[in-house]
Every structure is written in C-alpha cells, then in structure tokens.
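**Q** These are the residues of each chain, in order.
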Amino acid sequence: AQKITQTQPGMFVQEKEAVTLDCTYDTSDQSYGLFWYKQPSSGEMIFLIYQGSYDEQNATEGRYSLNFQKARKSANLVISASQLGDSAMYFCAMREGTGGSYIPTFGRGTSLIVHP
Amino acid sequence: DSGVTQTPKHLITATGQRVTLRCSPRSGDLSVYWYQQSLDQGLQFLIQYYNGEERAKGNILERFSAQQFPDLHSELNLSSLELGDSALYFCASSGVGRNTEAFFGQGTRLTVV
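Respectively, the protein sequence lines represent chains F and W.
In case it helps, this note's numbering puts the first sequence at residues 424 to 539.
In case it helps, this note's numbering puts the second sequence at residues 2 to 114.
Quick caveat, the hints were computed from the structure, so don't treat them as lab data.
Take the hints with a grain of salt, since some may be wrong.
[Claimed, not checked] The calculated SDA-like cross-link candidates involving lysine to any residue, where the alpha carbons are at most 20 angstroms apart (straight line), are: (1) W:Lys10 <-> F:Gly466; (2) W:Lys10 <-> W:Ser39; (3) F:Lys426 <-> F:Phe491; (4) F:Lys426 <-> W:Lys10.
[Unchecked claim] Derived coverage of chain F by chain W (criterion: at least 3 residues anywhere in the stretch with Cβ under 8 angstroms from a Cβ of chain W; other residues may be distant): (5) 455-466; (6) 529-539.
Heads up, the beta-carbon is just placed ideally off N, CA and C, and yes, glycines get one too.
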C-alpha cells in the first residue's frame, strides 16, 4: 500500500491565485513528520514546510501553509498568491518508523503550472 | 544552498561500466540517504547510512552498493550499468529523529548510453 498518495498528477493555477495540492498518508505510528518539497525543472529538491503529528497548529512558512487534518490523514499544501516561479513538481513526504531509520517516503508528486 | 554536496552533477557512461557518485552531508548530520528518481518510478529510496553504518535498505539492486566513511561523506557505487539505470540520483542528509527535515543535494544525473 502506498504510504503517501498524491492524487493530482497535474494542477493549473492563475498567477496570484491560491492553490491546494492534496496529500494523504497512511501510518499506524502516533509520532511522525510530514514534509513538502519543491522540485523545479532544474532538478534540485527544495524543502518547503514541515508538520509534526503532535502539532496542533497548521504549519506556515511565508506563502506556504499546510492544512493538516489528522483524523483524515491528510496534509495538503496551500500556496497563496501563486507566482510564475512556483511552477514545479511538488512532493509530499513522511518520516515515521522504528529503529531509528525514519526514512523519508515520498508521494509521486504533483506538477503545478502557474499561468500568467 | 542545502549544505549537501553531490558530485558529479552529470555523468554519461556506457552500458557495462561502473561509476561512483559522491555525497558530502550537511555539517553535523549523521544520516545519509540515497534515492533514485526516474520518470516512471518517482523517488525510490535505495539505502541509508547512519554514522558510518548501514541502517536501512530499500529497492537497491545487487549491482549497486554504498558506504559512508569516517568523515561522514558517502559514496554510491553503480556497476554493470544498464540503460534502465539512467536516472537522477539524490543524496539527502538529516539529523536524528522523524521530526527533522531531510536536505537534498543537487543530484547526479546519470545517463547510460
């Protein structure tokens, strides 16, 4: 079974609009971390935002916020006021586990295109 | 700049050859992870090292091996290369714990011809 599911292969948004990228996860652990990364066409993986499973407040980092709904096991990324430079692949990831490995597991990604 | 350094950035080699990819983790990070990213498979976890010792294995082929040295840099060795090994190979490093982010290097784009 997939640990991280990103159901939107591609998303389009108008510049300056907000967009939500979906992510659901599967874990039986009580303690875990959820992360979002951005991969522009140049290829590097850029860390955007983190949410801990025990955090009661949704994480925010500038224009990025994470809509964390623990009961639904969802961790959607919201990008406000989209910019052309936001066009990229976005990956949701989770760290959980035992034995100290805490291997980051990634979804298949969502391709976001921002239109002018 | 993530603080993780990978070399080389690009590598073109022939089938059957062997290559070594190098990774220097962020200062202070003891965990190193290797990932393979191909178009059809997404980001696949290959192997993790922690403070010089292998900690976890993922979908790593027997033709591939890795190690982490006392100075914590890591190398991924790919041998008997096949066309299907062409991919972007990432190294990531992190601190201890599930609540710390992993930082990625720029990746090595391997093309097998």
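**Q** State for each hint whether it applies.
**A** Structure-based check of all given hints:
1. W:Lys10 <-> F:Gly466: Holds. Lys10 of chain W to Gly466 of chain F sits at ~11 angstroms (cutoff 20 angstroms).
2. W:Lys10 <-> W:Ser39: 16 angstroms, holds
3. F:Lys426 <-> F:Phe491: Distance of about 16 angstroms is within 20 angstroms: holds.
4. F:Lys426 <-> W:Lys10: Violated, at roughly 30 angstroms.
5. 455-466: holds (count 5)
6. 529-539: It holds, with 4 qualifying residues against the three required.
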